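2 protein chains.
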Amino acid sequence: MLLFVSITVSATERWDIFEIELKGPKTENPFTEIWVQAEFQFKNFRYHVDGFYDGDQTYKIRFMPEHVGKWTYVIKSNSPEMNGKTGKFRCTPATPNNHGPVSVRDTFHFKYADGAPFYVLGTTAYAWVHQKEERIKETLNTLEQEAFNKIRMTVMPKYYGRYVSNEPDLYPFEGSLESGWDRTRFNVEFFRHLEKQVGELRKRSVEADIIIFHPYDKDSWGFSKGTVEENVFYLKYLVARLASYRNVWWSMANEYDVMHKPESEWETYFKELVANDPYQHLKSIHNGKSWYNHSNPWITHLSVQTPYLEKTQTWRETYHKPVVNDEFVYEGNVPFDWGNLTPEETVNRFWTIYCRGGYASHGETYVHPENILWWAKGGKLYGKSPKRLRFLAQIMKAAPEKGLTPIHTQWNKETYLYKEQDYFLFYYGNSQQASARLKLAKDKKYSVEIIDAWNMTVEKLEDEYSGTVEIPLPQQRPYMAVRAIAK
Amino acid sequence: MLLFVSITVSATERWDIFEIELKGPKTENPFTEIWVQAEFQFKNFRYHVDGFYDGDQTYKIRFMPEHVGKWTYVIKSNSPEMNGKTGKFRCTPATPNNHGPVSVRDTFHFKYADGAPFYVLGTTAYAWVHQKEERIKETLNTLEQEAFNKIRMTVMPKYYGRYVSNEPDLYPFEGSLESGWDRTRFNVEFFRHLEKQVGELRKRSVEADIIIFHPYDKDSWGFSKGTVEENVFYLKYLVARLASYRNVWWSMANEYDVMHKPESEWETYFKELVANDPYQHLKSIHNGKSWYNHSNPWITHLSVQTPYLEKTQTWRETYHKPVVNDEFVYEGNVPFDWGNLTPEETVNRFWTIYCRGGYASHGETYVHPENILWWAKGGKLYGKSPKRLRFLAQIMKAAPEKGLTPIHTQWNKETYLYKEQDYFLFYYGNSQQASARLKLAKDKKYSVEIIDAWNMTVEKLEDEYSGTVEIPLPQQRPYMAVRAIAK
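Which chain is which? The protein sequence lines are A and B, in order.
For reference, each letter of the first sequence is one residue, going 1007 to 1493 in my numbering.
For reference, each letter of the second sequence is one residue, going 1007 to 1493 in my numbering.
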């Protein structure tokens, strides 16, 4: 029998979730014994979408419709109780804040499904969903205040020595610390909690860069130690539950190389992900000290860790994919070289990466009396970079959407973006140069603005400029940029 | 007839210059027609040393003796007036400030011939010898005040647009701007002037990193446009005049790639240099945006230009030669990316390069009302880095002479030097980390000092430390280092 619960409405907004809830059989292990799937049809478009067991003899199928209009579906299952059911729903146009899922545009950039450009301004709070409710609310509140539009987060709880070692309220598998875990039975409460937070992010227009595997494990957890078969089982369950959230990005692993798996194993997981995600969400893998072959076809964009920003252009040219530097070192003061940046240098690196044609993610690691570091647990932000990153986001949005190119040579110390003849954004980093020398087109007139990336000011000069010109900059002030726009 | 002029004494200090002056024939072009050479002998050691024409029918042969004791020589020449002359002199021990020429030690480092370590602390004033006498004295005076022990300088005058375009008092060849140059006849006044300055540097214990070719030329000069034959002729004359100065290093070219010569041409010059320099002074070639194959056997050390300091270890391991980053960007405020560093970043880069196992050179490019930029013309220094670099030199000298190794991984953000179990120098760059985490040996006791690279302080902690320890650092203060020395 087909049940329509409150969430299952006959009309669903484009890129929202249409959810089918079914009662199925009572079996020893419904996770392994029962499969259920729906074939959704709109005109000639057909989507095959896996359902999942959600406890209490309940099976669910979630679908994110791409097209406005009337959809029909038919259920397939090895359970006669569910097999053959049919239904329909109407997909209505997206409301204004719903731009759909993000994908790659113009080789090196991102866009929403409705065509609006998406400029990555990432942050990182790996285990924020594994904290107490109060902290989670605080995290969501912080995200609401700040300009970040993507957050890196782990599915599994995280253990990282002194900075994060708390037990979560919920574990991904049935079982307990004492008795061990049954990897063939998922803890549906855990996944409901996870997807609730993904939904909260969606409400706030924040993309969830979901880290499927990571190495920061406790012996008492062992969640990183699954066999290939167990891991595929988990991956498919995760995808069935979460792929219909339009703000999902898949990060196959964090510091994948620290997990010491053969390349072929990662290939297996990526192929399963490609086969099971009906919407082909963005897919990446994040390196530790090794380097992944990002030319693999399942990689949609680079999600790298490196402080060596000058590689940005090289990677663009090598892989012809967007480059997101998700870990160039965090703002903070911990005694580790991955989390000791000044806010000035944090802002500087964001600008440098952007002006070299990439995008970046933030993280914050200030030592905290209660050991609540944003990068691990979320909570509040204490740093001075976030509001400057909001300012940078404004600069990004004001730039031409198409045709932006970073200056490139492997050796060049210069950092700027340009659109031939039309737009230049020169960035001078932590230098103290007393003037900026611009090579503008001779036969065009430009308005020129002096931008202070740290003090967040834009000063428009009165004159018009053409050809090679020299613009005085404030003495001894670092983090200056100059923007020239053709009239 | 053999003349003993004042400089030609029968006793010469080890690594000083023994000079033979001979009267030769009057010919149409003594530079091309006459050759003269001496074979110097000490026990079984024989040195063949080219002489040179010094004007006014005078020929000179200069020799830097390596061994203390009695030397004899015999003159060879195509001039019967000089051929077959013999003589002798006594080489006396070096006086305290004379440590002999510098060469490579322990693969990655340098030493004087007497065994004393030489820690490169370079500077750059390309065309200082082509300025007026007053400026030259000022430059020498500045060098006397500062800790720099190597200076990059060009033989030929330098033209570089707005910053250096002056005509020198003396030109290297006979001729004039109006009539052009006779490349078969050298202006002996020019070379006397050049070698006088090299001698002044020697007095001040500053190595002269002599740039033989460079691309910064004027059309009215054309000094960079010689044929291979003309250039070899010049190179041999230069070597005959200057190789006996113990403080000479040969830099084959500055930004060699900007001269657009085939690799084979540079090979020709290096082979001539190897064949003609009896003392095998240090030899390098400096890159612009291309990269030279430093594994060539005539290259004694890398003299590179790059802001990408993390390559230092890679190049050590690739070439197994010392790495000197002679141009990591100069301290100054010109509107070019090669000369706009803050003093803080200048000091930071020196420390970073040193702690990554290399050495570095300074330059200064502050805009000046009379257009006297140290990097081009010498004069005075206005920057804030030099006295901090003197402080770094003290740190270098206090480190173990042998066994120092930089931490290495291509990906590692950490920067430190260590000598297994005995010595650690951790450098934290422009980070703001609140503490330093040291992994010291468990079975040794260390004294620990907190070093402020910018404020030039060394604070010795009272306790003894062993194993993994955490040392609080001053809050929000960048450019900190920690030194741990086993007791």
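Among these hints, one or two may not hold up.
One copy or any two copies: either way a pair holds, since identical chains are not told apart in the list.
[Claimed, not checked] Below, in silico cross-link-like pairs of lysine-lysine (BS3-like), each with a Cα-Cα straight-line distance of 25 angstroms or less:
1. Lys1317 / Lys1295
2. Lys1386 / Lys1082
3. Lys1143 / Lys1390
4. Lys1317 / Lys1419
Hint data in this document are derived by calculation from the structure and do not stem from the laboratory.
These numbers come from a predicted model, not from an experiment.
Unmet hints by their number, sorted upward, for this structure: 2
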